[in-house]
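K.L.:
Chains as they are written, first to last, in the numbering used here: chain A, 1 to 152; chain B, 153 to 666.
If you are wondering where the hints come from, they were derived from the structure by calculation, not from laboratory data. As the structure is a computational prediction, the values presented were derived from the model and not from experiment. Don't be surprised by glycine CBs; every beta carbon is placed ideally from N, CA and C. Misleading hints may appear alongside valid ones.
Derived Cβ-Cβ restraints for the label pairs, each shown as a range [to be verified]: (1) A:I56 to B:V345: 51 to 59 angstroms; (2) B:Y352 to A:G89: 28 to 36 angstroms; (3) A:A36 to B:L574: 15 to 23 angstroms; (4) B:A342 to A:F24: 45 to 53 angstroms; (5) B:R598 to A:R69: 33 to 41 angstroms; (6) B:V345 to A:L45: 16 to 24 angstroms; (7) B:G572 to A:S112: 55 to 63 angstroms.
Not the full set, but computed from the structure, chain B residues with beta-carbon under 10 angstroms of chain A [claimed, not checked]: (8) L179; (9) Q219; (10) G222.
Examples of chain A residues lying across from chain B (beta carbon under 8 angstroms, computed) [said to hold, decoys possible]: (11) V57; (12) L58; (13) L76; (14) V80; (15) M86; (16) A91; (17) F92; (18) L93; (19) K94; (20) S95; (21) G98; (22) E133.
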Amino acid sequence: MTDKRGLELYFQTFARPVVFVLVFLGFHLFWRGHNAPGGGFIAGLVVAVAALLSRIVLDRPFLNVAPQRLLPLGLLLGLVPGVVPMLFGEAFLKSTYGYLTWPLIGEFEWASAVVFDAGVFLVVVGVTLTIIELLAEDTDAGLVAIGETEDA
Amino acid sequence: MPRDRCEEAVNVLTLPVLLPLFGGTLLLLIKRPQGRAGVGTAAALLTLLASCWIAVRSFSGTVLVTQLGGWPAPYGITLVADGLTGVMLLLSGVTGLMTVIYAASSLQHAPRRGGTPVLSRARERLGTPALLQFLLMGVNMSFLTGDLFNLFVSFEVMLVASYGLLLIGGELPQLREGFKYVVVNLVASAIFVAAAGLAYGLFGTLNMADIAARLQDVSGDPRVTLIVLLLALVFATKAAVFPFGFWLPYSYPVVPGAVGAFFGAVLTKVGVYALLRLFTLLTPGETALKNGLLILATLTILIGALGAVSQRRWRHLLAFANVASVGYLVLGLSSGALAPTLYYLIHSVLVIFTLFSLAGLAELVAGGRFGDGHSEGHLGAYPLLGAVYFVSALALAGLPPTSGFIGKFALVQVLLGSGGLLRVFASVVAVASGLLLLYAAMGIWRGFFWGADDAVHRPPLPKGMLRVTGAAGGLLVMLAIASGPVYALAERVAVQLERPADYISHVVPEGDAP
Chain A
1 MTDKRGLELY FQTFARPVVF VLVFLGFHLF WRGHNAPGGG FIAGLVVAVA
51 ALLSRIVLDR PFLNVAPQRL LPLGLLLGLV PGVVPMLFGE AFLKSTYGYL
101 TWPLIGEFEW ASAVVFDAGV FLVVVGVTLT IIELLAEDTD AGLVAIGETE
151 DA
Chain B
153 MPRDRCEEAV NVLTLPVLLP LFGGTLLLLI KRPQGRAGVG TAAALLTLLA
203 SCWIAVRSFS GTVLVTQLGG WPAPYGITLV ADGLTGVMLL LSGVTGLMTV
253 IYAASSLQHA PRRGGTPVLS RARERLGTPA LLQFLLMGVN MSFLTGDLFN
303 LFVSFEVMLV ASYGLLLIGG ELPQLREGFK YVVVNLVASA IFVAAAGLAY
353 GLFGTLNMAD IAARLQDVSG DPRVTLIVLL LALVFATKAA VFPFGFWLPY
403 SYPVVPGAVG AFFGAVLTKV GVYALLRLFT LLTPGETALK NGLLILATLT
453 ILIGALGAVS QRRWRHLLAF ANVASVGYLV LGLSSGALAP TLYYLIHSVL
503 VIFTLFSLAG LAELVAGGRF GDGHSEGHLG AYPLLGAVYF VSALALAGLP
553 PTSGFIGKFA LVQVLLGSGG LLRVFASVVA VASGLLLLYA AMGIWRGFFW
603 GADDAVHRPP LPKGMLRVTG AAGGLLVMLA IASGPVYALA ERVAVQLERP
653 ADYISHVVPE GDAP
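Next up, chain A with everything else stripped away, as it sits in the complex (with noise of 0.2 angstroms):
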């Protein structure tokens, strides 16, 4: 391991920014999915490359949450906007938009369906993480869990 310090540096180092502008990315992604291209699936890809960037090179976790957490709580809130309209007597999943004037920013574009594509870029960044963190284990040790090993 000693002798990989010095190349750890430079990845330690450039991964610091390259962290940030990818969360930015992603969340920038994600805000203008709703009619260019982007949205919650590849903001969450995004965004989970910038957290497994930070899981290998900086050797620390990004989220405070175990990564299967997010799953259930993504697919909870994707059925929000699905149901809401229901109790209304409107269709599943029938959207709504409108306009608010803010002081500063000026008018803005508000879309139900944004909520919907939250609980996708929750789930995207869950299952991805999950994936990975379960493939990065120890994989003898994994083996023995499922009673599958021959012989060491």
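Start from chain A and add chain B according to the hints.
P.N.:
Same frame as chain A, now just chain B:
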């Protein structure tokens, strides 16, 4: 214009999909196994109630339609419920509830080490209950959807859940059979997407009713035949029709008992449902294809029955019997005998579920094998199980007075009535295979229930599993007793299927077609 059609949206149609999704999501959040059992059962029960509501409404002859997101038919995704959907939802709801209860109850039994795959606590913790809910969601969605691509998505939801259920536990047989299952289904899915793409290119729509409405414009186009052929291939693979069904008989026995029962009873029948839709809605013609499928179905029956005779393990035998059962269904739908097919479909779901849940119990008693002389004579200790087995074995073979006889009789009657050498041959095979299935089922009877009572120790069987098995057997008996009304219902649904114009006009009203 789209406004007034939004008003008549029947939002209940989304519930058989949403409730399992919501239930499965909650199950991921709950930490205690007892809590998971309760929530899972509640979700399955609510799903069944919603399915019942839809089924009762649809049996009166109306076609219920809801446009998701309020987007009108050819552009958005439509959920449609006609009589066939009602029947299927009812079946999946009932078996889904029974599966969830059976699975939760089988946890009370401490799993034996290795050997038979019962649902162990470790597997339960890894998410089997949640995956069961997602499976139910995919199954219900495929029955409800009126959109070809959404049908593909439902198949994928179903498949991904079933991959998980098949592989959780990671034992060697699971990995071996899971590999085959995943590869076959991936290939089938790829073909499905390709066929959907071709259909979109040709028709400019993926809404099944809209495609059906545009079929006249392209009649005689060989591309239609190609698309139908590809779709039939995919659905036949899902339904395990010979020769695409080689993945089934050895993969169903490796999943936990309850899951295996649901796989056998419902999952295979999703393919049959899709074939029924394909042949009634999208291809009223195509006689050559139907005759080809009829030959394959006959071979499927034969392979299933012969395979069942050759097996010496409970669930392997039943998996082959399930293949034969699918053969009867495909034989019925490809020869145009829709009402017998529908009746036999109900029968097949119930009988396969009953037998698989019996197999789960038998594995607790004596392991998965039978007739090897180690453990027999269980009739004295479990007389009720013996009775349920006796009835369901007769039903499987198709002997009177069970529902299997009524279904097969109606089927053979239609086959012989329509004449032709092919159909006469098919009906001979159908009857002869019934005898083979009887012989196979007798093997279990002789090797497990009959004989001298020599078992020293019998484990206590979980009450929930026993009740579910008894209830499934009871439903099977009810199906025979109430065969008059049920068959009348099947005939009504068949008439509705034979007139797709009604379905089409409900989904895409005349004036709307661009």
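K.L.:
Are G572 (chain B) and S112 (chain A) spaced within 55 to 63 angstroms by their CB atoms?
P.N.:
Holds: the Cβ-Cβ distance is about 58 angstroms, inside 55 to 63 angstroms.
K.L.:
So, Q219 (chain B) near chain A? Judge it on the closest CB pair being under 10 angstroms.
P.N.:
holds (6 angstroms)
K.L.:
Is the interface hint for L179 (chain B) satisfied, with its Cβ closer than 10 angstroms to some Cβ of chain A?
P.N.:
holds (8 angstroms)
K.L.:
Take the shortest C-beta to C-beta distance between A91 (chain A) and chain B; is it under 8 angstroms?
P.N.:
holds (4 angstroms)
K.L.:
Are G222 (chain B) and chain A close enough, Cβ to Cβ, to be under 10 angstroms, as the hint says?
P.N.:
holds (4 angstroms)
K.L.:
Under 8 angstroms, Cβ to Cβ, is where F92 (chain A) needs to be relative to chain B, so tell me if that hint holds or is violated.
P.N.:
holds (4 angstroms)
K.L.:
Could you say whether the range 51 to 59 angstroms given as a hint is met by the Cβ separation of I56 (chain A) and V345 (chain B)?
P.N.:
violated (34 angstroms)
K.L.:
L93 (chain A) was flagged as interface toward chain B. Is the shortest Cβ-Cβ separation under 8 angstroms?
P.N.:
With a minimum Cβ separation of about 4 angstroms from chain B (threshold 8 angstroms), the hint on L93 (chain A) holds.
K.L.:
Holds or violated: is the Cβ of V57 (chain A) closer than 8 angstroms to a Cβ in chain B?
P.N.:
Where the cut-off is 8 angstroms and the nearest Cβ of chain B is about 30 angstroms from V57 (chain A), the hint is violated.
K.L.:
Note whether the CB distance of A342 (chain B) and F24 (chain A) lies within 45 to 53 angstroms or breaks it.
P.N.:
violated (37 angstroms)
K.L.:
Against chain B, is L76 (chain A) within 8 angstroms by beta-carbon distance?
P.N.:
It holds, given that the least Cβ distance between L76 (chain A) and chain B is near 6 angstroms, below 8 angstroms.
K.L.:
Next item in the hint list is V80 (chain A). Is there a CB on chain B closer than 8 angstroms to its CB?
P.N.:
Because about 11 angstroms separates V80 (chain A) from the closest Cβ in chain B, which is outside the 8 angstroms limit, the hint is violated.
Hints 1, 3, 4, 5, 11, 12, 14, 21 and 22 from the earlier list are contradicted by this structure; the remaining hints agree with it.
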